[in-house]
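Going down the list, the sequences are from chains A and B. Position 155 of the first sequence, counted from 1, bears residue number 155 in our numbering, the numbering being contiguous throughout. Position 101 of the second sequence, counted from 1, bears residue number 101 in our numbering, the numbering being contiguous throughout.
For the record, the hints were derived by calculation from the structure and aren't laboratory data. Computed from a predicted structure; not experimentally measured. Note that CB positions come from ideal geometry on N, CA and C, so glycine has one too. Any given hint could be a false lead.
[Claimed, not checked] With a cut-off of at most 25 Å between alpha-carbon atoms, the simulated SDA-like pairs for lysine to any residue come out as follows: (1) B:K291 <-> A:K78; (2) A:K105 <-> B:T180; (3) A:K37 <-> B:V103; (4) A:K78 <-> B:H175; (5) B:K291 <-> A:K37; (6) A:K105 <-> B:W225; (7) A:K78 <-> B:K290; (8) A:K105 <-> A:L213; (9) B:K291 <-> A:T96; (10) A:K137 <-> A:T96; (11) A:K123 <-> B:A159; (12) A:K135 <-> B:I179; (13) A:K123 <-> B:P185; (14) B:K93 <-> A:T96; (15) A:K135 <-> B:Y91; (16) A:K78 <-> A:A39; (17) A:K130 <-> B:W248; (18) B:K291 <-> A:E156; (19) A:K135 <-> A:L103; (20) A:K78 <-> B:K249; (21) A:K135 <-> B:T181; (22) B:K93 <-> A:V101; (23) A:K37 <-> A:K105; (24) A:K78 <-> B:L34; (25) B:K249 <-> B:L34; (26) A:K137 <-> B:T181; (27) A:K123 <-> B:N126; (28) A:K78 <-> B:L162; (29) B:K290 <-> A:K105; (30) A:K137 <-> B:K9; (31) A:K105 <-> B:H175; (32) A:K137 <-> B:L162; (33) A:K81 <-> B:K291; (34) A:K37 <-> B:E166; (35) B:K291 <-> A:L127; (36) A:K123 <-> B:F188.
[As the list claims (entries may be wrong)] Distance ranges between label pairs, derived from CB positions: (37) B:K9 <-> A:W154: 55 to 61 Å; (38) A:S59 <-> B:A20: 32 to 38 Å; (39) A:T252 <-> B:P161: 49 to 55 Å.
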Amino acid sequence: MQAVLEREFVEQNWTKEQQEVDLCLDVTDLSIFYGSKQAVMNVSMPIKRHSITALIGPSGCGKSTFLRSINRMNDGIKGFKAEGNILYDDVNLLDTNVDPVALRKEIGMVFQRPNPFPNSILKNLTLPLKEHGLKSKAKREEYAETYLKQVGLWDEVKDRLHESALSLSGGQQQRLCIARTLALQPSVLLLDEPASALDPIATAKIEELLLKLKERYTIVLVTHNLQQAARVADDTAFFYQGEIVEFSDTKTFFQSPKEKRSEDYISGRFG
Amino acid sequence: MQRRKLADKTATVVLTMFAAIIVIILTALLGYVLTLGIQQVNWDFLTSKSSSFRAGGGIQDQLFNSFYILLWTMMFTIPLGLAGGIYMAEYAKDNRITAFIRVCIETLASLPSIVLGMFGLLIFVNATGMGYSILAGALTLTIFNLPIMIRTCENALRAVPLELKEGGLALGYTHWRTITTVLLPSAFPSILTGIILSCGLVFGEAAALLYSAGMTTPKLDFGNWNPFTSDSPLNIMRPAETLSVHIWKVNSEGIIPDLRDVADGGAAVLVTVILIFNISARVFGSWLHKKLTAK
């Protein structure tokens with residue numbers, strides 16, 4: 001970890017304070033290509049432990065590509081290539097000898113559209129646990145309860161655990177997906193616009209949940225919703241055309257952005 | 001504005017007419033086959049042996065043969081088709097080899113079944129020396145059915161939403177486990193529908209069987225269930241005339257006096273079974289789908 005902390009972020013001019021905090025993920029000089037097209041350009045970003053980092057920017061700016069590279073979800077895409085470092089516990093996650101299957105248990109992901117499996121509510125939690133070798137059925141169900149409680153879904157579903165997960169509302173499904181991911185005890189949670197398909201009330205519940213979860217997990221959140229970033233994020237990164245225009249703590253970013261382009265984006269002049 | 005409305009109305013009328021024509025043709029055909037044939041069909045017809053020159057023969061052996069060959073065909077086709085479909089949907093890279101495989105599958109699917117029958121005769125019947133047999137027939141029908149099966153499975157797997165697959169992968173499932181625990185269960189209703197539909201196709205096939213399963217059936221003893229004896233219905237090395245082959249044969253070279261009745265009755269039974277396959281495919285498929293996505 002020492003090496004990471006001593007790294008100098010010349011390019012981005014981090015303050016002394018930013019360098020000394022406990023980093024969970026340290027991204028440096030990350031470039032991502034799809035074939036000959038470069039989607040992310042030489043991006044660096046320190047992601048603090050137990051905090052929420054929001055990635056904002058217009059569609060196609062590279063924020064989702066960036067996010068999906070952290071748990072190697074882009075590996076299967078034709079022509080995908082990533083250069084640079086994503087350091088996690090001193091291991092570069094982009095190394096070919098990092099096993100993406102093991103990595104994804106450690107770094108969980110929740111998607112834009114809720115994607116529960118077409119099984120019962122309970123099985124959505126117990127099946128992944130079984131997959132990862134938790135043999136005792138009682139233990140699996142105990143975990144299921146714990147994590148359904150953690151996302152605030154338990155009281156809503158405890159009497160219908162054996163019903164299809166698809167019978168839940170969109171917001172409930174999304175919280176189920178978060179619970180399913182948390183049950184594998186990851187340390188990092190990647191969320192790709194988790195609330196963009198949900199109504200305002202369900203969105204508020206997710207945001208409330210994220211604020212609670214950051215005490216235990218490091219959260220990276222891609223969002224289209226600037227207010228959402230302002231409400232929940234500790235740090236905010238503004239992506240534009242594959243580059244990070246500005247990265248700072250959320251308050252500074254929204255109240256006194258350093259870059260003209262950030263200011264324009266926040267005030268709705270483009271994007 | 002008037003003209004655009006008129007064009008819209010015309011299109012609706014014309015297309016509805018075409019749909020109606022299709023429905024009329026089908027009902028006329030089914031009505032004709034069934035009204036003619038149903039009078040001949042009774043329990044005795046279904047459970048008595050066919051006769052070579054006397055009137056009053058039934059279709060018991062042929063009916064059994066049809067189902068038995070179908071069973072064996074499906075035992076070969078389902079695993080092969082699933083494997084091929086999984087490969088094409090999940091493992092095949094987007095390159096020339098895959099394109100070549102795809103052309104092969106399409107060509108195979110469009111081969112006339114009589115050509116496949118000849119292939120079956122040369123390879124399974126003659127070259128391997130197994131003779132006209134249920135096994136040779138089932139293998140020939142497997143080739144006949146395989147392209148459809150592969151395509152059905154591939155399409156069913158591809159139709160599973162990407163989010164679901166990524167959900168599996170993001171939970172640390174391996175590719176293979178994602179296929180078996182996420183993709184296949186989700187694709188299962190469409191795969192099953194495809195299987196049942198192709199059962200109907202295989203059940204009605206005649207040309208591919210003429211020279212592979214043969215046009216005769218030895219004397220069968222339905223009390224003998226030892227598959228290794230020559231008069232057992234279960235013996236897969238015996239020749240077997242199926243129902244559709246029987247209809248063809250009775251019609252074209254039959255010498256029984258009631259050949260028209262037997263052909264009509266056989267056709268009615270054949271069509272009914274195929275209808276049952278098709279309807280049950282729809283009903284069962286949507287029931288399964290509903291069960292999986294139940295509210």
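Checklist entry - Any hints this thing doesn't respect? Which numbers, in order? => result 1, 3, 5, 6, 7, 9, 10, 15, 17, 20, 23, 24, 27, 29, 30, 32, 33, 38, 39
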